[in-house]
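Chemist: Sequence:
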Amino acid sequence: MTHPLDPLTSDEFRATTALLSAEHGVGEGWRYCSIEGLQPAKADLDAYATDGTVPARVVEVLCLEQATNRTFRGRVDLSADAVLSFEHVPGVQANFTVDEWEEADAALRAHPDVIAALAKRGITDLSLVFMDTWTYGDAVMPEQWKDRRIGWSDTWVRAAEGANPYAGPVNGLHCVIDINTMELLAIEDTHTVSRPDVMGEYVPRHVPDRLKGHRPPRKPLEITQPEGIGFEVDGHELRWQNWTMRVGFNHREGMTINAVTYDDAGRTRQVAHQLSFAEMVVPYRDPSVDHYRRTAFDIGEWGLGFMTQSLELGCDCLGEIRYLDAVMHDSTGEPYTITNAICLHEEDSAIGWKHVDHGADGGGAGAEVRRQRRFVVSFHVTVANYEYIVYWRFYEDGNIECEVRATGIMVVTHVEEGQAHPHGTLVDERTYAPYHQHFLVARLDLEPDGRTNTVQRSETVIDPIGPENPLGLGIRQVSTPIAVEGHDDFRWESQRAWKVVNERSLNGLGTPVAYKLVPGGAIPSFFHPESPVFQRAQVIGHTVWVTPHDAEERWPAGEFVNQSKDDHGLPEWVQQGRSTTDTDVVLWYVFGIHHITRPEDWPVMPADIVSFWLKPVGFFDRNPSLDVEPAASSSCHTEGDASSKGGSHCH
1 MTHPLDPLTS
11 DEFRATTALL
21 SAEHGVGEGW
31 RYCSIEGLQP
41 AKADLDAYAT
51 DGTVPARVVE
61 VLCLEQATNR
71 TFRGRVDLSA
81 DAVLSFEHVP
91 GVQANFTVDE
101 WEEADAALRA
111 HPDVIAALAK
121 RGITDLSLVF
131 MDTWTYGDAV
141 MPEQWKDRRI
151 GWSDTWVRAA
161 EGANPYAGPV
171 NGLHCVIDIN
181 TMELLAIEDT
191 HTVSRPDVMG
201 EYVPRHVPDR
211 LKGHRPPRKP
221 LEITQPEGIG
231 FEVDGHELRW
241 QNWTMRVGFN
251 HREGMTINAV
261 TYDDAGRTRQ
271 VAHQLSFAEM
281 VVPYRDPSVD
291 HYRRTAFDIG
301 EWGLGFMTQS
311 LELGCDCLGE
321 IRYLDAVMHD
331 STGEPYTITN
341 AICLHEEDSA
351 IGWKHVDHGA
361 DGGGAGAEVR
371 RQRRFVVSFH
381 VTVANYEYIV
391 YWRFYEDGNI
401 ECEVRATGIM
411 VVTHVEEGQA
421 HPHGTLVDER
431 TYAPYHQHFL
441 VARLDLEPDG
451 RTNTVQRSET
461 VIDPIGPENP
471 LGLGIRQVST
481 PIAVEGHDDF
491 RWESQRAWKV
501 VNERSLNGLG
511 TPVAYKLVPG
521 GAIPSFFHPE
531 SPVFQRAQVI
541 GHTVWVTPHD
551 AEERWPAGEF
561 VNQSKDDHGL
571 PEWVQQGRST
581 TDTDVVLWYV
591 FGIHHITRPE
601 DWPVMPADIV
611 SFWLKPVGFF
621 DRNPSLDVEP
631 AASSSCHTEG
641 DASSKGGSHC
651 H
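Each residue of the sequence shown is one higher than the one before, starting from 1 at the first, in the working numbering.
Don't take every hint at face value.
What the hints assert, rightly or not - Computed cross-link-like contacts, DSBU-like style, restricted to lysine-lysine with a CA-CA straight-line distance of at most 35 Å:
| id | residue 1 | residue 2 |
| --- | --- | --- |
| 1 | 146 | 354 |
| 2 | 42 | 565 |
| 3 | 354 | 219 |
| 4 | 565 | 146 |
| 5 | 146 | 120 |
| 6 | 42 | 615 |
The set of hints was computed from the structure by calculation and includes no laboratory data.
Using the sequences and the hints given, assemble the complete structure.
Modeler: Structure (structure tokens):
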């Protein structure tokens, strides 16, 4: 039976497109930009949990009529087999699709003017050429084509078949293309740079021998669970230790974590309604002709779901693994399956807690040690040259950690000998990688013991030196409620963090329960407020935003960021001045990577890692992992060579 929070199935995608085809003629000459199952209202989910009342299965569709360049939004009730609404949304451009990206590459490489421009540079083997089409922001769009759905292309050329295309930029050559018609509108041919002798390869057969064989071979590292996995998978519901959650998936956010609860000695306690990523903004901080347009909204313009990779393709997960598939759709609305899209597994996480009593002998008498385990739910996304790997980790002590790893290949540019490159780092011969940033916006709909919550700023202050504090030792913790929606900023000097507090639920000590956002990777925007790039993404100007829950307020830089001019998301929503006291609140966290590029990031980037934590603060009366059992002695290595043997599983 389908749960109301489950992602759409292939049959549901097809039922949706069949209804829109029959009632509104959506078919030939149209593109489906997105098809998403909407979450039911929280009250409807409560009714389903209480008495089994099944809420309507509602689907939202964004589609594009190519001949008129008009975007339409439709809502379909699959439960009633009916179209609820179908309306033109004026003045916007829906997200780009993978089909359009691939078709633009093919169209440009086949165009005689592009072929001629490449031939002028001595590039004649079109099988080695790759045209990477990017979206536009309003401020950098050519004025004469602002009424169209347009993209601009980078041009790359491989050194050989199967080699890294991103090692061969064709500088000064960019195309403007109408994505509806695949018409070449212009070729911008500003300058040429001769190709230097670079080593931009990472696939073993293309890496020169001089760079191989200098590292001692790895010894086997074996991870086994002889008695099987320690978690349960029931459809999209996951259960591990005291945790229960449901995994969702959609085109824009990719994987979502829903309905998170913790079993506290037989009492099921709410922790979060949904944890997800709502936007990713990647501005390149190089104003040169090759890079001034390069700002990506990887979630709003493209969609993490569409870019999710099957984990069949490599050794992405280690241990005893289970997987969930994901179903997406192409621009005709036809569904397809991403096999093994989501990885589920347990990990050892070193020491969870330990103490050795004074006087314990050398044999360890009096020592209590508990190894920590964590349950990991992850998915991997490839957005052109970059990879993003997202891990949600659940711990036995009630902590939740979110980690993002960025890897892949940097954008690079060739320069002439001695040419300045102040906005990037030299990473190879006459080749620099521009500075850029990766801003992620996490949407944290936390519900500690329910939906009557207030976000409190939590920070440490220094007591003044005086009669009661003569040595200057005193510090105290100050919590300030954020009573009205708005934003807040990280402060290192006070170790500022934010708690979602439920004043109506008290722990055994008589204090309110809470979950705390412990920030990591918080970075400033480094934008002038008047920058037109910043105007599209004002959300990145602050570390935290707080709003009351509104099911229609999901996208922090606005619903339509493709070709956008202004941020119609959080900066506009908070102007309403709504109360965020003792209510259902959403905490939005902006974090990421300030990427000052390095030679060590080339030709393929070691994973750059950022993370944040959600920690219980007074949610439990004491350490909830006290009841974790000691590890079996056979699992521990204390002397000699008594390590256990087993098999390693790379899935």
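Chemist: It remains to establish, for every hint, whether it holds in the given structure.
Modeler: Okay, the hints, checked on the actual structure:
Of the pairs offered as hints, the one joining residue 146 and residue 354 is violated, with about 63 Å between alpha carbons and a cut-off of 35 Å exceeded. Pair hint residue 42 plus residue 565 holds up; C-alpha atoms about 33 Å apart against a cutoff of 35 Å. Between residue 354 and residue 219 the CA atoms are separated by roughly 29 Å; this keeps the pair inside 35 Å, and the hint holds. Taken as a hint, the residue 565 and residue 146 pair is honoured in the structure, with Cα atoms around 11 Å apart against an allowance of 35 Å.
The suggested pairing of residue 146 with residue 120 holds, with an alpha-carbon distance near 30 Å, which does not exceed 35 Å. Between residue 42 and residue 615, the direct Cα distance comes to roughly 24 Å. Compliance with the 35 Å bound is thereby established for this hinted pair.
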